[in-house]
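Student: Sequence:
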Amino acid sequence: MAYPGYGGGLGNFSNQMQMGQPLPGTGPAVLPGGYPACPAYPDSYSSAGDPMWTYFTAVADQDGEVDAEELQKCLTQSGISGTFSPFSLETCRIMIAMLDRDYTGKMGFNEFKELWAALNAWKQNFITVDKDGSGTVERHELNQAIAAMGYRLSPQTLTAIVKRYSKNGRIFFDDYVACCVKLRALTDFFRRRDHLQQGVVSFIYDDFLQGTMAI
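Residue numbering for the sequence shown is 2 to 216, as defined by the numbering used here.
Check the hints yourself; a few may be wrong.
Stated by the list, open to error - List time: in silico DSBU-like cross-link candidates among lysine-lysine, alpha-carbon distance up to 35 Å:
| no. | residue 1 | residue 2 |
| --- | --- | --- |
| 1 | Lys164 | Lys74 |
| 2 | Lys107 | Lys183 |
| 3 | Lys74 | Lys168 |
| 4 | Lys164 | Lys132 |
| 5 | Lys168 | Lys132 |
| 6 | Lys74 | Lys132 |
| 7 | Lys183 | Lys132 |
| 8 | Lys164 | Lys107 |
| 9 | Lys183 | Lys74 |
| 10 | Lys183 | Lys168 |
| 11 | Lys74 | Lys107 |
| 12 | Lys183 | Lys164 |
| 13 | Lys107 | Lys168 |
These are calculated hints, taken from the structure and not from any lab test.
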């Protein structure tokens, strides 16, 4: 069952993904909710010709994973932010939390590839709704971006998001990405517990804290 936050029309979001910075190989499918599915990259993937592999291995630990500070350095070196400010350390922390399925507090290369796909999609969506080219989005533009990703939020929820992520009513790219990360991660957390897909879940307090404090 589709309900607020879970799918709905994707609009032109899949087309916008194709316009963004291309991924090597075939791009991932877009799931309801407006973010890419996890691509099936081999665990031992490496390629000297893949720029993402070069950025990743330049900062990864010997265990082949990166923490938040290393991810920040990796993304800065990659230039994925373009003309926008580099991602803050806090945004990098929640990026890792979004995909940290083994709870190591770090990100492996497969997870990095998935993040890269999502970042490109969010970046193109941001550019599309920022019609005046100000480098920020306002409330009505954020509403358009969230709707394009397939989420259906109440006006009250949108107001809460704007208050949380805006500066003087405008949301910069780093904060926009942080918003997208948290929206995806919390939706995934909720969806995994909504076995009947009805938009209603019963939480125990500790489960709620573990799911929300990590993001």
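Student: If a hint holds in the structure, say so; if it does not, say that too.
Tutor: Hint check:
1. Our distance criterion of 35 Å between C-alpha atoms is met by Lys164 and Lys74, whose separation comes to about 29 Å.
2. For the hint linking Lys107 to Lys183, the alpha-carbon distance of about 17 Å falls within 35 Å, and the restraint holds.
3. Distance restraint check for Lys74 and Lys168: the Cα-Cα separation of roughly 25 Å lies within the 35 Å cut-off, and the hinted pair is therefore satisfied.
4. Taking the CA atoms of Lys164 and Lys132, the gap is near 22 Å; set against the 35 Å cutoff, the hint holds.
5. Restraint check for Lys168 and Lys132: the C-alpha separation of about 19 Å stays at or below 35 Å, so the hint holds.
6. Restraint check: the Cα-Cα separation between Lys74 and Lys132 comes to about 30 Å, which is no more than 35 Å; the hinted pair holds.
7. Taking the CA atoms of Lys183 and Lys132, the gap is near 24 Å; set against the 35 Å cutoff, the hint holds.
8. Taken as a hint, the Lys164 and Lys107 pair is honoured in the structure, with Cα atoms around 29 Å apart against an allowance of 35 Å.
9. Our distance criterion of 35 Å between C-alpha atoms is met by Lys183 and Lys74, whose separation comes to about 21 Å.
10. With a CA separation close to 18 Å, the supplied pair Lys183 and Lys168 stays within the 35 Å bound.
11. Annotation: proposed proximity of Lys74 to Lys107 holds, straight-line Cα distance about 14 Å (limit 35 Å).
12. The suggested pairing of Lys183 with Lys164 holds, with an alpha-carbon distance near 15 Å, which does not exceed 35 Å.
13. About 30 Å separates the Cα atoms of Lys107 and Lys168, which keeps this hinted pair within 35 Å; it holds.
Hint compliance for this structure: no hint is broken.
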